[in-house]
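Undergrad: So you can see what is in the structure, the chains are spelled out below.
There are 4 protein chains.
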Amino acid sequence: MPLSRDQQDEIEALRNQSVPTLRATAPGMEAHLYTAYPVLDHGFVRVVDYMGDDAAICQAARVSYGRGTKSVSNDEGLIRYLMRHWHSTPFEMCEIKLHVKLPVFVARQWIRHRTANVNEYSARYSILDREFYIPAPDALAAQSQVNNQGRGAALAGDEAARVLRWLTEDSMRAYDHYEEMISTEGQQGLARELARMNLPANVYTQWYWKTDLHNLLHFLRLRADDHAQYEIRVYAEEICRIVADWVPFAYRAFEDYRMGGATLSATALDCLRRMLKGEEVTQENSGMSKGEWREFARLLD
Amino acid sequence: MPLSRDQQDEIEALRNQSVPTLRATAPGMEAHLYTAYPVLDHGFVRVVDYMGDDAAICQAARVSYGRGTKSVSNDEGLIRYLMRHWHSTPFEMCEIKLHVKLPVFVARQWIRHRTANVNEYSARYSILDREFYIPAPDALAAQSQVNNQGRGAALAGDEAARVLRWLTEDSMRAYDHYEEMISTEGQQGLARELARMNLPANVYTQWYWKTDLHNLLHFLRLRADDHAQYEIRVYAEEICRIVADWVPFAYRAFEDYRMGGATLSATALDCLRRMLKGEEVTQENSGMSKGEWREFARLLD
Amino acid sequence: MPLSRDQQDEIEALRNQSVPTLRATAPGMEAHLYTAYPVLDHGFVRVVDYMGDDAAICQAARVSYGRGTKSVSNDEGLIRYLMRHWHSTPFEMCEIKLHVKLPVFVARQWIRHRTANVNEYSARYSILDREFYIPAPDALAAQSQVNNQGRGAALAGDEAARVLRWLTEDSMRAYDHYEEMISTEGQQGLARELARMNLPANVYTQWYWKTDLHNLLHFLRLRADDHAQYEIRVYAEEICRIVADWVPFAYRAFEDYRMGGATLSATALDCLRRMLKGEEVTQENSGMSKGEWREFARLLD
Amino acid sequence: MPLSRDQQDEIEALRNQSVPTLRATAPGMEAHLYTAYPVLDHGFVRVVDYMGDDAAICQAARVSYGRGTKSVSNDEGLIRYLMRHWHSTPFEMCEIKLHVKLPVFVARQWIRHRTANVNEYSARYSILDREFYIPAPDALAAQSQVNNQGRGAALAGDEAARVLRWLTEDSMRAYDHYEEMISTEGQQGLARELARMNLPANVYTQWYWKTDLHNLLHFLRLRADDHAQYEIRVYAEEICRIVADWVPFAYRAFEDYRMGGATLSATALDCLRRMLKGEEVTQENSGMSKGEWREFARLLD
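Protein chains in written order, with the numbering used here: chain C, 1 to 301; chain L, 1 to 301; chain X, 1 to 301; chain A, 1 to 301.
The shape of chain C in the complex, shown without the other chains (with noise of 0.2 Å):
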């Protein structure tokens, strides 16, 4: 479980008191608000706060003086066309706070997107808990044989018990370790700021992060697609559920100009003028490079 008793009751003590606002309000995302969702086997991501609705993004898009709504079948047209044409200042109206508790090897790919606010849990100043990811045996893979970034099928038999021996192993000696040097216990007790660096990159953080619905698309798009790694595809994909509650037409408008989307370079764009044509496109005569070409003949498959 990722959260202790007295963890839920602050947090069910939250989801209580419900008080009467001007602001505008999603009634689909009142409804996941505080509540922590488990990813992994100690993780979860909870909304701590929003800003914003569907309506938020046209009003903003209008400059508009009362909520911007003229009728729902125009907010999504507008909000479509806003995501076809790449307009990106509407959607950054919207802004979302997110708890996330994570293991340290996904919180390093998580903070690249730098448009962000972040505050993470410190251990110069506290002492992280004991808890490890360890992954579940369908998510033990191998390396790709075809992609130095890729996972092949999961291990299997003396292997798979062997890897898990050791991660469950290191991280406990680890941990057993990093609570005995900053123990005072009869002794000075190493400073926490060093004491952690002997924990492995599976060891869980936790932080808040904020950012604005344009940037967690962007996010989205790279962490929930296939390509990513499944450690912090979960979490995304997650969010994407979230999300799509929250502000549902801008989601349905990035699921069909994003993420089922693809982006076709001009050598590609002549190739399919050809081919509707009814001209045979080949590789060899397509002028793109043996990968370009899979991946543009698995696009159209």
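The hints are simulated quantities; they were obtained by calculation from the structure and are not laboratory data.
Keep in mind that the hints are not guaranteed to be accurate.
Note that the list lumps identical chains together, so a pair holds whenever it fits in one copy or between two copies.
[As the list claims (entries may be wrong)] Straight-line C-alpha distance at most 20 Å; calculated DMTMM-like pairs for lysine to aspartate or glutamate:
1) K277 <-> D41
2) K290 <-> E76
3) K277 <-> E76
4) K290 <-> D270
5) K277 <-> D158
Fit chains L, X and A to the given chain C structure using the hints.
TA: Chains L, X and A only, in chain C's frame:
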């Protein structure tokens, strides 16, 4: 009047739609929400949305599960500590969205603050209103004799009258021509994106502007300062009044450590230590240039 | 002429001061350095400094010790791969610094690209020159009948003449009054920071603008596009010519994947697959709105 | 040794390839270019590229056509003025690109500075080296008794020996298992992106890191400070030495106004004025908390 009857009605309608929310809510801010506070002759500032309150700053600093408030006095102490030691990330966890109507030359200063989200009314797409900033008599200042980017006393008599007449007449004529150029009655009509170039920099524009509390305070420190141009300072001062009600602890710490504070150089600190020991320190033996010494002396006066 | 004799001499002097460096140097860029390429009637673009070249992109992508160039063909292949898969960080490792002279209404569009560093000529501190953009006859376009933010054909006859006369006369009168208001002969003289507000948006300003290659290419994609306003597009096109000589591999990949490419939605990809199988797809059975279908059909034509 | 023979040869080769350039060149920086300065036991910092010099700061501040240097003393005065009055944009006109090898726990602090460009060595794609930070005996500090995020004296005797043994043994064992898990001899081999999670935070990584001078100085102010963790401070100090040779005027101003300076609150300034008038000011009548007063007293001592 900066607002039409219709616009006021739209705003009024929003102020009557209170809904329940689970989010952190700042009562002081709810009282300001949507109200358009007049600034200059046709401008205004109004809060369209906000995220967070004083407690949210502490909650993020502590990466806590519940509201994070241990006690109100604890919270103020923590916020003062964070401000004093330049911890910026917890303040980034609050966000504000403003609708501002302002002259173009003010907008051009404002936009230099890049860490913000902006949607401006489009003069490519839409037609600007006949609204121009004409300074009140006491804001019609002479060029400073001592400071290339400062102001002296207000102009008087014939000179003042002539300046006001030119500003008014040139604005009106420019707008007349703007209207006539884009008119399609009996002619093709010039493209809006071209016609707007005839309008002077005192024409009003509007935008939605969203930023986090840390960047907002940085903006206010520079723009509510005595050295800021009067026409942007009045906007900043109006926003200061709003922020003081939104996050009272953070705003008080800001007043003490930023607005009312000052940064002293190593040289200045050294002079201070000598002065406190009773030594007579003058510009000549201070190690400072005349300009630095003048600023230093004014600070201690 | 955008440059005075003195300014040209200053630039010439710099072009004669070659010094040795150990840094990555792009010969194609050295040939452009400092030269002010004219744009519009009084504007220009000139490169003041740059960092990196095609090899530097690869070097960063490989985090290598030496230049990182294994072979030239390898480098181009890697750059195309990075561009195709939206890897932005290696392109951020090149930087460019431009000096641009441009009308204020163009500057206001330009500045929306926030990830850049800017130093603009200060009209609070200094006096602006009597230079205004007056469109050439073929750039004096009518408002588009079909697109609220587009242009139609050039104005003609009396209408064109009247527009040109107004633009010219209003600019000159505004500048006359600007000069007379700030004059201190026999009067106090209005503060510069106020007097500038009388100048229309076609007055020229200047700035130093510095950005990285990734953000520059994003700027060029939007501003060298057919839908961009003509007056900013000519700046973007001039910069395109420079970039093509600076980082030829990156620029070619940019032309193929960005400028000449297009993003298709999931719905559009699905239509394509159906069309390639021989199915008759129309707007009605496409799942697209009329606007989307029009854009889609134009792409394949 | 942080560098292999081959890596040193690659670097040496670059240091022998001087080419002519028209760009602003800083002789003090050319002398540092490419050289890998050792930091900690396996780390280093080396300058890969730079843009601009002291004169470039002035050139941008003046938006000038030539080098912008009127006289060297003028330049230093202007730079001091800009630094004193928090004008940040001219300093943003210089840029630096570093190659840094550093332990992961240091990288995690470093990356919090978001206004920078980063390309990190990919442990998804590549295999990390067997290099771990093991503190020198005098850096093996105890937890501070008074400051939750500080250090006390160095550990001694058995305790020190035990900590060093654990850090070393746990690192080596983790790396042994890492190697065995990714091995494909007689087994499938675990995906690299998973195997890396077994490595502790003292393992070394590397990145290219590029930022502008303004943001670099902000980084140095925080990380070369006494309160920074020793392991990041030694990197910051090495960079300080490089910057002092690159932009000597800017660096001297930085030392005086930032590193050696201090920000006083309105309350503290008021106390100072009272003290200078001869009044006895104590914590009790100062209006400051005990913590603030302690910091204030230390400053004036």
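Undergrad: All hints, please: hold or fail.
TA: Outcome of the hint check:
1. K277 <-> D41: Answer is neither: 53 Å inside a copy and 45 Å across each miss the 20 Å cutoff.
2. K290 <-> E76: The answer is between: 15 Å across copies meets 20 Å, while 40 Å in one copy does not.
3. K277 <-> E76: neither (35 Å within a copy, 31 Å between copies)
4. K290 <-> D270: So K290 and D270 pass the 20 Å test inside one copy only (17 Å; across, 23 Å).
5. K277 <-> D158: Intra 56 Å, inter 48 Å, cutoff 20 Å: neither.
Comparing the model with each earlier hint shows violations of hints 1, 3, 5; every other hint is respected.
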